[in-house]
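J.: Just so you know, the protein sequences line up as chains A and B, in that order. The first sequence stops at residue 736 when you use the numbering used here, and every number in between is there. The second sequence stops at residue 536 when you use the numbering used here, and every number in between is there.
Some hints could be false.
[Claimed, not checked] Short, incomplete list of chain A residues facing chain B, as computed with Cβ under 8 Å:
{"#": "1", "residue": "F373"}
{"#": "2", "residue": "L380"}
{"#": "3", "residue": "Y384"}
{"#": "4", "residue": "R391"}
{"#": "5", "residue": "I394"}
{"#": "6", "residue": "L473"}
{"#": "7", "residue": "E474"}
{"#": "8", "residue": "K490"}
{"#": "9", "residue": "D494"}
{"#": "10", "residue": "N636"}
[As the list claims (entries may be wrong)] To list a few chain B residues with every Cβ distance to chain A over 12 Å, as calculated:
{"#": "11", "residue": "I382"}
{"#": "12", "residue": "T396"}
{"#": "13", "residue": "F476"}
{"#": "14", "residue": "F494"}
Hints are computed from structural coordinates only; laboratory data are not their basis. All residues carry an ideal CB built from backbone N, CA and C; glycine is no exception.
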Amino acid sequence: MKLRYTFDRKEKSNKIGLLCIPILLFLFSFLLMFSCNDSELGIFYGLKSEERIGIGSLPTNITVGSMAKAGNDLYIAAGSVWRKPFGDENWHMLPTPGGFHLSTSLASDNDGNIFAIYYNKDNANTGFFSLNGLEWTQLPRPDAWSIQSVKSTADGKIFVSTRNTSPYTTDNDGRLYHYTGGTFTLIDLPERVLFGRTYTSLIGSSFDVIFAADGKYWISNAHSIFYSDDLDEQFTLVEPIDRNRKIEGLAYHDGHIYFTFNGRDRRGGRLGVISSSDGSGFRSEHPITPSNTFLTNLAFFQVSNDNWVLLVGTEAVIGYFQLPNPTPDNIHLLDRPRGQGLPLVTNYNSAVDLHRALVLDFFIDPSVLFGGDLYALTNRGLWKSSGNFGERRWSRE
Amino acid sequence: MNLKKLVFFCLILCVLIININAQDDFYDFSYDRGDQIFTIRAGLFIPLFFMSPSLDFGSTNLSLGGIGALEWSTYINNRITIGGELSGMFAFGPNDRVLYMIPLTAKIAYYFRRYPFEFPIFCGAGINFTTYGDAFSMDFILKPGASAIWNFSHEWAFGFNLIYWWVPQLYTGRREGHPPRNHAMFGNFLETTLSAMFRF
Numbered sequence: 340m341k342l343r344y345t346f347d348r349k350e351k352s353n354k355i356g357l358l359c360i361p362i363l364l365f366l367f368s369f370l371l372m373f374s375c376n377d378s379e380l381g382i383f384y385g386l387k388s389e390e391r392i393g394i395g396s397l398p399t400n401i402t403v404g405s406m407a408k409a410g411n412d413l414y415i416a417a418g419s420v421w422r423k424p425f426g427d428e429n430w431h432m433l434p435t436p437g438g439f440h441l442s443t444s445l446a447s448d449n450d451g452n453i454f455a456i457y458y459n460k461d462n463a464n465t466g467f468f469s470l471n472g473l474e475w476t477q478l479p480r481p482d483a484w485s486i487q488s489v490k491s492t493a494d495g496k497i498f499v500s501t502r503n504t505s506p507y508t509t510d511n512d513g514r515l516y517h518y519t520g521g522t523f524t525l526i527d528l529p530e531r532v533l534f535g536r537t538y539t540s541l542i543g544s545s546f547d548v549i550f551a552a553d554g555k556y557w558i559s560n561a562h563s564i565f566y567s568d569d570l571d572e573q574f575t576l577v578e579p580i581d582r583n584r585k586i587e588g589l590a591y592h593d594g595h596i597y598f599t600f601n602g603r604d605r606r607g608g609r610l611g612v613i614s615s616s617d618g619s620g621f622r623s624e625h626p627i628t629p630s631n632t633f634l635t636n637l638a639f640f641q642v643s644n645d646n647w648v649l650l651v652g653t654e655a656v657i658g659y660f661q662l663p664n665p666t667p668d669n670i671h672l673l674d675r676p677r678g679q680g681l682p683l684v685t686n687y688n689s690a691v692d693l694h695r696a697l698v699l700d701f702f703i704d705p706s707v708l709f710g711g712d713l714y715a716l717t718n719r720g721l722w723k724s725s726g727n728f729g730e731r732r733w734s735r736e
Numbered sequence: 337m338n339l340k341k342l343v344f345f346c347l348i349l350c351v352l353i354i355n356i357n358a359q360d361d362f363y364d365f366s367y368d369r370g371d372q373i374f375t376i377r378a379g380l381f382i383p384l385f386f387m388s389p390s391l392d393f394g395s396t397n398l399s400l401g402g403i404g405a406l407e408w409s410t411y412i413n414n415r416i417t418i419g420g421e422l423s424g425m426f427a428f429g430p431n432d433r434v435l436y437m438i439p440l441t442a443k444i445a446y447y448f449r450r451y452p453f454e455f456p457i458f459c460g461a462g463i464n465f466t467t468y469g470d471a472f473s474m475d476f477i478l479k480p481g482a483s484a485i486w487n488f489s490h491e492w493a494f495g496f497n498l499i500y501w502w503v504p505q506l507y508t509g510r511r512e513g514h515p516p517r518n519h520a521m522f523g524n525f526l527e528t529t530l531s532a533m534f535r536f
């Protein structure tokens, strides 16, 4: 006996109409032979070349505020100050000065001295220190304000910034000093400028300073950029920017100063912008796409004789700009990789991401002419890019 | 001891085979247009390789992954079904980032039968949504495959599926800020799943 199962076909004929959906989907899908991708790196292409990132001796959860090289040794300020002696693979934590426990800023001069800013244990006060062997020596303060940061320029000059943290002032007031031979010299920056019939304040406390190849010192203080050939003379204002925008960092290349600042777009979203100037007030602005991008510092990295890359610190990744012949009028912008990877230079062999870290700054080994070690200072540890041109790899220090 | 277990297992197997063969005389499933199938699948996702259009093969650098899918289809006739399915897979990259692919495909299947088993071969095509880290891509996907299904009853069946995922990521290279043409890559993956089918 053979039983034959058939299903009840009541009310099924109307479901045949559902067949249209898969048929249409089937046909429509063939229209999508070319992928729609929201970044500039193919996902499978990036995966194919992705490599496991090595883990170094530094903790991965530290925020690296600044980095310096003294002699052949490397130093970072990342809460504690860490030192990597020449030839040693590992970083070693240096002891903190008594009564102080937190350092986020250090710099070195041309004589191999290391200077650092330390916060005391309740973060209420700061101190300025120099390193002698493994011992810290506290140096005098430039003024009664809170010492914010110490920076050095390519010619080995040391700069110290202070900020008025008094609760009785609403002004975000700051000063910048040149430190040499144990004394501080106040950098003379114009405090206000006449725009139309009103004066605009140029006071700001978030300094960046560089000594550029044009022989000028360039200084940014949150909302303004200044330059001078002589540290002892008053600096010249290039142009103030909108006070709703804040300058994050400076870099110089081929007659132009490049800087990053962050503001708001018309919809209220965050807007990261790279701008440039030749010092005469000209400025071209290049908003970073996609929008809602927060920019930090920037740096030019020379990868070969005539090939420079402008690196821009962002959230999650290092943004980059391919600038074979960078001029303000002919800047070639590339989309931010958006966590896809870190494609340095012209290839994607080194594609890794920085684990959603915020890249705060860069450090380029000054002793190598080009193609040397490049460090990314992030809120999730220190990253190093090294290797030959075209085959660079990122690893965690 | 092991011999005893083996003999016992063989006996059970013989009983089952005899029972199945005995049923073969009594049951013969046939389906009409409008009969429907709902299937749920789960199993392992095996990344195979990436291939460039110039036949350059490379590792996917992905770990073994997981896959799940829901499928609906309806019979056109006794041998052919057509339907759609929604799948989702995950696998880990070298730095522990997760690759997700969610294909939405239309599917056509042809059934070979040897009671109580059915052996459909099928092919699906559709849209594949891929994310890896912060990146997102929408691609075409082709999913040819075959299954072996054991009919437990006239409503329920259970099966094993081997499905190939072919995901081309092709780029025109014409749009600034999008991948250049040389980033074109064909993703090749294998889905191995167990499935439960309900026919109604």
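J.: Next, verify each hint and record whether it holds.
T.: Evaluation of the provided hints:
| no. | hint | result |
| --- | --- | --- |
| 1 | F373 | 5 Å, holds |
| 2 | L380 | 6 Å, holds |
| 3 | Y384 | 4 Å, holds |
| 4 | R391 | 4 Å, holds |
| 5 | I394 | 11 Å, violated |
| 6 | L473 | 35 Å, violated |
| 7 | E474 | 40 Å, violated |
| 8 | K490 | 32 Å, violated |
| 9 | D494 | 38 Å, violated |
| 10 | N636 | 21 Å, violated |
| 11 | I382 | 15 Å, holds |
| 12 | T396 | 6 Å, violated |
| 13 | F476 | 5 Å, violated |
| 14 | F494 | 17 Å, holds |
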